[in-house]
Amino acid sequence: RKEVEQDPGPFNVPEGATVAFNCTYSNSASQSFFWYRQDCRKEPKLLMSVYSSGNEDGRFTAQLNRASQYISLLIRDSKLSDSATYLCVVKGVTGGGNKLTFGTGTQLKVEL
Amino acid sequence: EAGVTQFPSHSVIEKGQTVTLRCDPISGHDNLYWYRRVMGKEIKFLLHFVKESKQDESGMPNNRFLAERTGGTYSTLKVQPAELEDSGVYFCASSGRSYDYEQYFGPGTRLTVT
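Those protein sequences? They're chains W and R, same order as listed.
Oh and the first sequence: position 32 is 32 in our numbering, straight run, nothing missing.
Oh and the second sequence: position 15 is 1015 in our numbering, straight run, nothing missing.
The hints are simulated quantities; they were obtained by calculation from the structure and are not laboratory data.
In this text, all values refer to a predicted model and were calculated from it rather than measured experimentally.
Every clue listed holds true.
If the Cβ cut is set under 8 angstroms, some of the chain W residues that face chain R in the computed set are:
#1 Lys-42
#2 Glu-43
#3 Leu-46
#4 Asn-98
#5 Lys-99
#6 Leu-100
#7 Phe-102
#8 Gly-103
#9 Thr-104
Think about it this way: if two alpha-carbon atoms lie no more than 20 angstroms apart in a straight line, the pair counts; the simulated DMTMM-like pairs of lysine to aspartate or glutamate are:
#10 R:Lys-1041 with W:Glu-3
#11 R:Lys-1041 with R:Glu-1083
#12 R:Lys-1044 with W:Glu-5
#13 W:Lys-45 with R:Glu-1042
#14 W:Lys-42 with R:Glu-1042
#15 R:Lys-1044 with R:Glu-1085
#16 W:Lys-79 with W:Glu-15
#17 R:Lys-1044 with W:Asp-39
#18 W:Lys-91 with R:Glu-1042
#19 R:Lys-1044 with W:Glu-3
#20 W:Lys-2 with R:Glu-1042
#21 W:Lys-91 with R:Asp-1056
#22 R:Lys-1041 with W:Asp-39
#23 R:Lys-1041 with W:Glu-5
#24 W:Lys-91 with R:Glu-1057
#25 R:Lys-1078 with R:Glu-1052
#26 R:Lys-1044 with W:Asp-7
#27 W:Lys-42 with R:Glu-1102
#28 W:Lys-45 with R:Asp-1024
#29 W:Lys-91 with R:Asp-1030
#30 R:Lys-1044 with R:Asp-1056
#31 W:Lys-91 with R:Glu-1102
#32 W:Lys-42 with R:Asp-1024
#33 W:Lys-45 with R:Glu-1102
#34 R:Lys-1041 with W:Asp-7
Even glycine gets a Cβ: it sits at the ideal position worked out from N, Cα and C.
Bound conformation, chain R alone:
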């Protein structure tokens, strides 16, 4: 069974540009999460989808970040316009239907904003 995949693995963009990150969860997983780790800090929650609905977006830093999950399958996270402080590793995770199911993480997208 394929795990969580993320694309791209790395992205280097200039301040003010737009970047879109993609996450493909494990097939059949209704729950999809985005997390972020900035340099020297802990991994922090951004938001949680249940199927195509945003269940919790309390961790989204500001309105430059837009997450979507059309059709309840893959998800995209767009940053527009990117700022220097957006640099970090963006992880996606997915889990099955139950609250108690383990969250499986993807390999992450390393974003560098110059």
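Bound-form chain W, shown alone:
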């Protein structure tokens, strides 16, 4: 079983739609959680950290459920520029430390 699992998509949505991505992680001792965004042939960039209380940054809302080991990302009012791969990332999985453990990513395509 992979340490971080995501639906690979692609999710094809019209501009203005709301889209939700989900992710599960296997190690209950994981400490920190993130969503990264990766554009085609580019490096991953931090989109937002994820907290148990839920956090929002403009059109983006992230949620963490530690009991279910489940992370979500909600994008409202999708823009063409949101098209990218969204990576669910966990830190402090095996043996702790700073290393990041990535999911395979969920591809989003926002269309006119």
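Assemble chain R onto chain W, guided by the hints.
Just chain R now, with coordinates in the frame of chain W:
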């Protein structure tokens, strides 16, 4: 402020040859990481330097891979001899002193072994 830089951006080598990848972290960042993404798979951790010391090298696939960070500034990752399965994108990332600091990724080196 300059970001993380990596050289080369692309490298095509034959099986059995040697390749050295370089990473220059953001100035002042003590933590430097190497990650790799092979085709169709997730990005995977290779190793972590704190200054010039290897903090965690649990992700290094085998002894054909050698990473160094002499002087605690830039780092090199050498693959010798390269095998077909080493093809992929090698990312370097750096972060500041604290555990909680964000890791900033470089643009990656795309390695193709033929």
